[in-house]
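Those protein sequences? They're chains A and B, same order as listed.
In terms of this note's numbering, the first sequence opens at residue 3 and continues consecutively.
In terms of this note's numbering, the second sequence opens at residue -12 and continues consecutively.
Hints were generated in silico from the structure; no laboratory data involved.
Please note: incorrect hints may appear among the correct ones.
What the hints assert, rightly or not - Chain A regions said to be covered by chain B (calculated; three or more residues, Cβ under 8 Å):
no.: 1; region: 118 to 124
no.: 2; region: 153 to 160
no.: 3; region: 202 to 214
Unchecked claim - Pairwise CB distance ranges, derived in the manner of DEER restraints:
no.: 4; chain 1: B; residue 1: GLU239; chain 2: A; residue 2: GLU182; range: 56 to 64 Å
no.: 5; chain 1: A; residue 1: GLU121; chain 2: B; residue 2: GLY521; range: 31 to 39 Å
no.: 6; chain 1: B; residue 1: GLU270; chain 2: A; residue 2: GLU136; range: 53 to 61 Å
Claimed, not checked - Chain A is faced by these chain B residues, among others (derived, beta-carbon under 8 Å):
no.: 7; residue: GLY133
no.: 8; residue: LEU136
no.: 9; residue: THR140
no.: 10; residue: ASP145
no.: 11; residue: ALA149
no.: 12; residue: SER291
no.: 13; residue: THR294
no.: 14; residue: GLY364
Virtual Cβ for every residue (Gly too), placed ideally from N, Cα, C.
Take a look at the letters that make up each chain.
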Amino acid sequence: MGWQRLALSITLITAACGGGAGSAVDTTPAPAPAANAEIEALYRARTDSARMRFTEADVAFMTGMIAHHAQALVMADLAPTHGASPPMRVLCARILNAQRDEITTMQGWLRDRGQPVPEVRIEGLNLMMHGVAEHHMHMPGMLTQAQLEELDAASGTDFDRLFLTYMIQHHRGAVTMVHELFGSDGAAQDELAFKLASDIQVDQLTEIARMELMLDEMAPNARGR
Amino acid sequence: MPRTASSIRLAATLLGAAACGSSYSSQAAPTPAPAAPARVATMPAAAPMPDPRVGLRAGLLNAGEAVWNLRLLSTTPPAADFVGVTNSDLAFTGQYAIQGNYNGFQVWDISNPRQPVLVTGYLCPASQSDVSVYKNLLFVSGEGLGGRLDCGTGGAPDAVSADRLRGIRIFDITDIRNPTYLTNVQTCRGSHTHSVLADPNDSENVYIYVSGSAPVRPAEELAGCVGAPPDEDPNSALFRIEVIRVPLAHPEQAAIVSSPRIFGGLVAPPQHGMAPDDIAAIERARAAGAFIVDLGGQPRVLPSRMTAPMLDSLVMARGGNGTPTAADSAALRAALPAMIAERFGGPRTDGPRPGPTQCHDITLYPEIGLAGGACGGYGLLLDISDPANPVRIGAVSDSNFSYWHSATFSNDGSKILFTDEWGGGGQPKCRATDPMEWGADAIFTLENREMQFKSYYKLPAAQTPEENCVAHNGSLVPIPGRDVMIQGWYQGGISLFDWTDPAHPMEIAYHDRGPVDPDRMQMGGSWSVYWYNGVIVSSEIARGLDIFELVPSPLISANEIEAAKSVHIDYLNTQGQPRFTWPATFALARAYVDQLERSNGLSADRIAAVRQQLASAESASGRGRQDALLRLSEPVDGYANGSRDAAKVRMLAGAVRQLATGMR
């Protein structure tokens, strides 16, 4: 299923859930409105000023990681049409879900800081990014066009094996990007950037371990590549 | 439905997609959120429908709220220094709640839960500022890159910085109004969380298990830190946890005493076993004569389109024709294991995988000598009888779990619940399109130290994309005779659920607010929510400190609540799980009676008679009360025979007897 369709369904849910207070029961002994206004103002001021604490390395990380994640979407989108096994489809569904959400978070991070926000368009194997410099399209671990085409040409067990091999490579690249970020002066001082980078690192390391085991459990000599 | 990556994969190769179809329903067919409420609807007191948590108005301090079987006693915003900065975990000592915040920590006096009073706000930035207490000591985790040794607010911008703190800060809180910063213990990966182990056999020290998941610090910043994997450098800071020993007489001498590699040899993801429904399906197939093979440790039914040609070839091999005989079937049964092994081979054997590189959280339960570790892709069971040298004795993994976050034991240690913090807590994983098995709790029984998977529990109310939501921190609520847990789901709110029957957990109370921001996801919601001496305290990331009390309902009686409130503990670190014990009270006996009424464990006549006798005993005093209680306990013992809830009847008899003998 395609990116457009999921995006649409999320929009619909937003609309369905956004309005009205429902049958909520408000039991809060409400603080005085003046005190509330003061706290809200302080909250806005502090969250706004926290957004000013970032470096070029943080921006480059977010921008590059959006492109990196977007390619994972291209790869995972292939599973249903390439005879992927059910566990591979589960894995791909998780990757799609997780990385779409993280792209949204990273786009929001950039928007909040007045930075160019890359927009992602996927048509088959073609990944189109708007607002991204060419060098951000070639992040560590990303597949070459030839590798993508090789994956697209595979099906069934061959697809599974190739997908795991390439997604491990792809995830390792993301981990490398986090390490590079943390090695940059002034980077990831921002709480959100630290959390996001740290979460990406730990999630993808965990997923790499899982994918290595999935490869291990395929027929012997599966890991020939 | 198979649930483990390895077995699903093998089964798929062998059996085709049909056997596993329901594992993949997430994106294509949205899992409807009301699945769980449908279960609740069969309960004596159904949850309100439609679920009022759906569609709540957004707002920081004026969001819409929905509450069921709970009462919000107070919401207290943070002190000015902490507003707009993430509130994190909670610890408790005496009448105080200590609330971590990425800017430091706040101490609240909660003696009046309707009006908590700020005692101290200690400004000392570091994420996540997870807090624990032990007697006069307070421990605070630092992981983020901006934490400074001097508690300064300017951050630590250099990639290699002599000012940076990542590890554990130790404070003396003898005078809780004026905490004294004693020392730090720096660690290679910092401290995302930590757990304090008060070893029953060691009164001179406490131990801190440090879990850190961020990248390893450069050796130039902290000597000895190695980011390379262990096969390249045996001193690698990966694939291990840190154990700090804190001498209570000299906490300033706290230091790392060991770095156990508790993950070694985790070659393949062990199976968590199958859910009861899966087992029942296999048993039905077995009874019907199906061919069943073992794939990756789990039984699988072979479809007849596979077995029919195999049987035909056996018939041909013996020179026969026509329908296969019982002997042919027996021969196939005998030959199948070897055929499966030949066809699928064993796991790859060229060197073990090093396992996960870290734990997120470890829950220590010293009274049973065990800990539950939530570590990368695994839930681990650890023997902690030697505090400095924990030993792994069990491991489970789950293809539906992304990232094991934390563990909670049932009070009697017969069950363990793990949470999956899918997306790390900053993502909205409770939308109607997110599967109920992902970002959920997984419940296991624990028999002979073996973990057996039973079911998942996930917040049953769909949340918006503007609300970060996933399973997070919670604690047991000491309702006697039941396993009840209160849990924070970030902006999904808090959910109280009963997991006494590990295969059928059900929600019995909740509180939720609308999103912090109507237009985008802003971090918010309940980071953690814990029961402490009669109240339920929640650390709300953006809004402050919430305190609740339970409200009686058909699902939780007033007597059960009163019995829960009779449990007193001196302090609480939820990651060092205390064992609850209940003083002998009339409320305790009545709580059991209420539960027997709910379970039909005693006839209505007997319930009424026991209640009446408890009432008259309570109205008597001295020897008269004691005699009345003893007179009651004897027949109640006998009621256990033939009761469908005999164990509970015996608990009732025991509670009545304890009440009688405790009165002397």
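Consistency of the hints with the structure:
1. Under the rule that three or more residues need a Cβ within less than 8 Å of chain B, the assignment of the region 118 to 124 of chain A is violated, with 0 such residues.
2. Counting residues of the region 153 to 160 of chain A whose CB lies closer than 8 Å to any CB of chain B gives 1, so the stated coverage by that chain is violated, three being the minimum.
3. Restraint check on the region 202 to 214 of chain A versus chain B: 9 residues with Cβ-Cβ distances below 8 Å, three needed, restraint holds.
4. The supplied range of 56 to 64 Å is broken by B:GLU239 and A:GLU182, whose beta-carbon atoms lie about 37 Å from each other.
5. Checking the proposed 31 to 39 Å range against A:GLU121 and B:GLY521 shows it is violated: the Cβ atoms sit about 53 Å from each other.
6. For B:GLU270 paired with A:GLU136, a C-beta distance near 60 Å keeps the hint of 53 to 61 Å intact.
7. For B:GLY133, the interface hint holds, since its Cβ comes within 8 Å of a Cβ in chain A; the closest pair sits about 5 Å apart.
8. Hint status for B:LEU136: violated, given a least beta-carbon distance of 16 Å to chain A, over 8 Å.
9. Taking 8 Å as the C-beta cut-off, the interface hint given for B:THR140 is violated, the closest approach to chain A being about 11 Å.
10. Proximity of B:ASP145 to chain A holds as hinted, the smallest CB-CB distance being about 5 Å (cut-off 8 Å).
11. Because the smallest distance between the Cβ of B:ALA149 and any Cβ of chain A comes to about 14 Å, over 8 Å, the interface hint for this residue is violated.
12. The criterion of a C-beta within 8 Å of any C-beta in chain A is not met by B:SER291, whose closest approach is roughly 20 Å, and the hint is violated.
13. Restraint check, B:THR294 versus chain A: the minimum CB separation of about 21 Å is more than 8 Å; hint violated.
14. Contact between B:GLY364 and chain A, as hinted, is supported at the beta carbon level, the nearest pair being about 5 Å apart and thus within 8 Å.
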